[in-house]
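Participant: With the hints as your guide, set chain P onto chain X.
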Amino acid sequence: MIRHLLRIVWNRRRTNLLISIEIFLSFLVLATILILGLFLADNYRQPLGYSYRDIWSIRMSMNAPDAELTGAATLPFEYTPAGQRAKVATLLGLLRDLPGVESAAAAMNAPYGRSSWSSSFSIAGRNFDYGANEATDSFQETMQLTVTKGRWFDRRDAGMPGEVVVINERLARELFGSQDPVGRTVTPDPPRLQEFPRRPPMRIVGVIQDFRKGGEFEPAGNFVFFRNNVDETYTGPRMPRWLLVRARPGSGAAFEERMIARLQQGAPEWSFRAEPLTRARDTVLRSSAPPITAWTLIAVFLLVMVMLGLTGVLWQAVTQRTREIGVRRAKGATGAAIQRQVLGEVLILTTFAVLAGVAVVAQFPLIELLGPIGARVYVAGIALAVVCIYGLTAACAWAPSRLASSIVPAEALRYE
Amino acid sequence: MMLRNHLTLAWRVLWRRPFFTATSLFGISFTLVVLMVAVALLDHIFAPMAPEVRQDRTLGIFRARFVGEHSLWNSAAGYRMLDRYARNLPGVERLGIVSVPAEVHSYTSGRRIESFLRRADADYWRILDFDFLEGGPFTDQDVAGGSAVAVISAATRERFFGNASAMGRTITADGQSFRVIGVVSNVPATRPVASGDIFVPLTTAKTDAYRQELLGDFFGLLLARSSSEFPAIKAELESRLKSVEMPDREYDRFEAPAETYFESVAGQQFGTKEDVRGHPERLWAAMALVGCLFLLLPTVNLVNLNVSRIMERASEIGVRKSFGASSWTLVGQFVVENVCLTLVGGMIGFALSGAVLYAISAAEIIPYAQLRLNLRVFLYGFGLSVLFGLISGVYPAWRMSRLHPVAALRGAAR
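Heads up: the sequence lines are chains X and P, in that order. Per the numbering used here, residue 1 is the first one in the first sequence, and the count goes up by one each step. Per the numbering used here, residue 1001 is the first one in the second sequence, and the count goes up by one each step.
It cannot be assumed that every hint is accurate.
[What the hints assert, rightly or not] Partial list, derived from the structure: chain X residues whose beta carbon lies under 8 Å from chain P: (1) N63; (2) L285; (3) S288; (4) P290; (5) P291; (6) V306; (7) Q320.
The set of hints was computed from the structure by calculation and includes no laboratory data. Note that CB positions come from ideal geometry on N, CA and C, so glycine has one too.
Same shape as in the complex, but just chain X:
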């Protein structure tokens, strides 16, 4: 049966090749959009690891000359990182005294903020990429991070040799599998090039569920928190760029205005931009909507166009083959058998297209065409695309196949 169908398909190879190409291209469109869609949906389901309600994030600009550009030696103290950290500590004190503030913290970057910091280290030859942040001891309380093992930074970490870190569950799993990571020290491999400094060992004091800084649509990744309590125990070169403030529920614009006035008093030459995290989150989610909508609309229109086109082409093919079908009917084939033949031919064409399509889409992860998407999402997306494309082509062939099955042999043989 299949061999016979293959021969029929082969006999009309030129027309069929074009149809197969069309199905192949549609499969690429469908697979791409489904993989990306599943990826977004999968990301959205994952826990954020923090709370965004009743929190203000405040971006600070120091309006200071860049230390690296001007040569740090010539800078007055308030422009040096140490001076700026001291100022941040003062500001945190001012905030904690402000009525309505429940908790305040400082960090290198904030959720839903545009700045981010990513890095990597290699341990025993294995490379780990991670997103990073540097935060004060109060950060966990302010952001209500879920600590799943060990603890967050506190005063006990002051003055410890090396770096103290809190990592997320995913990185803990990648580093230690099912073993308990708390209390262990990881030592990054020495750099391959001599001129880069050697990274200090990192002692893990706790594990948090996650910290997906970019919000709901951010892909899962590794995350590392370093301690920077803006005091003299910190020896690194960096200063925090964001303040995070947990306020009493129901605090509004008047609170924000008071808070900014207080900060501006504490550091008149700095700039502050405050925003409730709920609003920053809205902005991020809303800004991802137009591209998603546009690509989905384009894909849907392309598929509708292909479906209409395919239906037309198949319909035309059936009318053109009226006499051939008439002969089969006259020799005793049932209407159902004819319908099966038409559908079968289309499904064979679809199979060729899908084989080629899967072969092409399977290359996407190798060149990271669609970004860092996990194998699970890829396979699910391709499987769903295969099911959908068979469904779509079968739907397109349905009406033409009905037409074919209703051909009356006596009339068909006379058909011109």
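Facilitator: Just chain P, lined up with the frame of chain X:
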């Protein structure tokens, strides 16, 4: 005469199979809508448009970077770089300096207003031709003396003062107060050098730290006497930057090319550490490639429909061939038919694009952007439909012309 016959025939054929015609038209018009919206958006970002009326003879300094063997430090230009190295370039009439927009917050009667603030010098207002609804720009004296004055956009005026006049009133932004001396029409957020809500003299910055920076957050605008001076200006700036002192042993050269905005975008996409220029032709090629990839599916779809439609007319072709019509005549006839079809689709697509652009503007997806179909976009669209019609018509026509008359008469086309 021949063409008229072709056209009449085309019209008849199109009506014979309304489903095919409708499907083809749907595909063509939708494809054109997508392309025309893309073209209109690009046009909106790159084409000259008020207030950038002298764009044809303006170069910008949009990026600056330190390059070393192992390091790369990318940013916008700093004030010191522009002030020290980009002034008095030969062939340049004026240098305008303006900061990249910074988001600032203001508090007024219990509300927060978010604006984009730019700090600029006085020449900025002479290079760009803003449409002043009230008052005028700040002057060289204002900039020299650091006067706390501001030019605001119409949208900002509405946010702060409703529809009342803003002249002489005070706005507070980022903890600083400014007296409003001018109101300009809104500029779409996509325009890199002219968009903004509040413009203030650059000397009103909270500290004068910016004066020492080679990398920072400023754009330079170079108004040349004419575009023929561009190569000389670029070369002179490049040679002046060779004398920049490196802040660090890590770096061995400083680059801040004078370029058009299109060149700068090409540079950000395709520039390498070795070559700061982006080779704009690569950006053109990339855009054309994306367009062609997108066109692939609609074209195959249309070719398929056309092949079907032609094979249906096998007997007609057989008759014409047996009466001596040459293959070329038949190919010509079919291509004309198809171009007619795509032109009709093009017109529908054009109307639809107008509607879609209107909807995008109305939804304010890009703040203050008034996307419209202009003559240039119309010509692009027209060219695209003709091209589309030719491409999708040639293969089916070629197959048709190769039909053997006898086979065609039997209707046994494969």
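Participant: Hints first: check each against the structure and report whether it holds.
Facilitator: Hint check:
Below 8 Å, beta-carbon pairs count as interface contacts, and N63 (chain X) has one with chain P at about 5 Å; its hint therefore holds. This hint is violated: L285 (chain X) has a C-beta 15 Å from the nearest C-beta of chain P, more than the 8 Å allowed. The beta carbon of S288 (chain X) comes no nearer than 13 Å to any beta carbon in chain P, farther than 8 Å, and the hint placing it at the interface is violated. Hint on P290 (chain X) holds. Least Cβ distance to chain P is approximately 6 Å, under the 8 Å limit.
Hint on P291 (chain X) is violated. Least Cβ distance to chain P is approximately 10 Å, over the 8 Å limit. Taking 8 Å as the C-beta contact cut-off toward chain P, the hint placing V306 (chain X) at the interface holds, the least distance being around 6 Å. Hint status for Q320 (chain X) relative to chain P: holds, with the closest Cβ pair at about 6 Å, below 8 Å.
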